[in-house]
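> One-letter residues, chain by chain:
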Amino acid sequence: MKRFLYLICILIAASGCKEVFEAPPQSFLKVSFLNSSTKATISPKVSVLGVGLENMWVKDSVLKEILLPLSVNDATSYLISLDAKNDTITFIHETIQKYASMESGFYFEYKLQSIDFTNNRIDSILITDSLVTKKWNENIKLYVHPLPSGNN
Amino acid sequence: MGMDATRPFQDLWTKGNRYGSEFSFDMELRPNWFPVFESGYEVIKLNTNYIEYTGQGSYSRIGIDYNFLQAEHKNDKDVLFFGLRYGFSIARQKVDRYLVDSYWGTVNGHFGNQNYFAHWGEFLVGIKGEIFHNFYLGWTIRGKVKMNHTEMELPPVYFIPGYGKAEKGFTMDFTYSVYYNIPWDFRKKNRVVKTVIKK
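Taken in sequence, the protein lines are chains W and Y.
Here the first sequence stands for residues 0 to 151, numbered as in numbering that gives the first Met the number 0.
Here the second sequence stands for residues 0 to 198, numbered as in numbering that gives the first Met the number 0.
Keep in mind that the hints were calculated from the coordinates and are not lab data.
Do not rely on the hints blindly, as some may be mistaken.
Straight-line C-alpha distance at most 27 Å; calculated DSS-like pairs for lysine-lysine [said to hold, decoys possible]:
#	chain 1	residue 1	chain 2	residue 2
1	W	Lys-133	Y	Lys-76
2	W	Lys-133	W	Lys-84
3	W	Lys-134	Y	Lys-167
4	Y	Lys-164	W	Lys-44
5	Y	Lys-44	W	Lys-134
6	Y	Lys-76	W	Lys-97
7	Y	Lys-164	W	Lys-97
If we strip away everything but chain W, and leave its shape as in the complex, we get (with noise of 0.2 Å):
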């Protein structure tokens, strides 16, 4: 009996660091910049703007690539500028909800289905990988003019 006593203590004292659980994983669409002429990886300054929400997503940050968090609707939409040049970014996809683990719960994966964009600084996207998970592997390429005075 004793020794079931010193068991119990033992548990008791395990189990005070046993409630530790993990936040579910996100998934983001991966995007490399490159120039449309040379197709060399460039590094613009990048702001992005969810279109319908306040907060910058990324402000002035010299980036060759970004992370974007895609909304559960069908198409989640960015202002993006590059070297102070803007542009709107439109997603269509598709929203699949995955489960993470009992303790983290669920997270989403989305099907790239198409990408609507303007022309003032983006050439062309190309869609490299219609999946985007929680691997965050890159999902497209987006082709940038050059500037005029050749900084890219």
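Chain W is fixed; fit chain Y onto it per the hints.
Just chain Y now, with coordinates in the frame of chain W:
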């Protein structure tokens, strides 16, 4: 007949709030062979920042134990045994609330009751020792091998009462039980018969 004293306190060593009760019945029908029936009910509740889950259900096991100890006298019923079980469970689960946070806002949802069936096999070792007249204490250590459970798309089965996490093909468990021996002495009868044959 016995009652497992560990089932109400399982949340001390498992994630979430898991508790239940379990009773067992066995009888020495042949010398050292004990057919066993065990039955119980278990509940698990998880409440995190992202999800609120409840799984609950009943389970039963049937099987047999074999005692390795030689009785020193006719009233010696202490046992060291190896056993096999077939277990099955009928259970249900539900997600009362889940939450997914993102830049685009928070998504809330829930999943209603889902019913499922599961079954598994167990092998175990254990002991029972008499502490008072006809009252026994004993423990078992069990290995459980899942055979199958109902497949569901979303969410999948998370918890199988009597078994543990459904995603695992093998689980370990232990029990610590209190037993009462109903004073029907089958062994005595058998011993007498053997003695007569020897003479």
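> Next, verify each hint and record whether it holds.
Hint by hint, here is what the structure shows:
1. W:Lys-133 x Y:Lys-76: Violated: W:Lys-133 and Y:Lys-76 sit about 58 Å apart, past 27 Å.
2. W:Lys-133 x W:Lys-84: Given that 27 Å is the threshold and the Cα spacing comes to 30 Å, the pair is violated.
3. W:Lys-134 x Y:Lys-167: Cα-Cα ~24 Å, so holds.
4. Y:Lys-164 x W:Lys-44: At roughly 48 Å apart (the allowed maximum being 27 Å), W:Lys-44 and Y:Lys-164 break the hint.
5. Y:Lys-44 x W:Lys-134: 30 Å, violated
6. Y:Lys-76 x W:Lys-97: Measuring from Cα to Cα gives roughly 54 Å; hence the hint is violated.
7. Y:Lys-164 x W:Lys-97: Holds, because 19 Å separates the two Cα atoms, which is no more than 27 Å.
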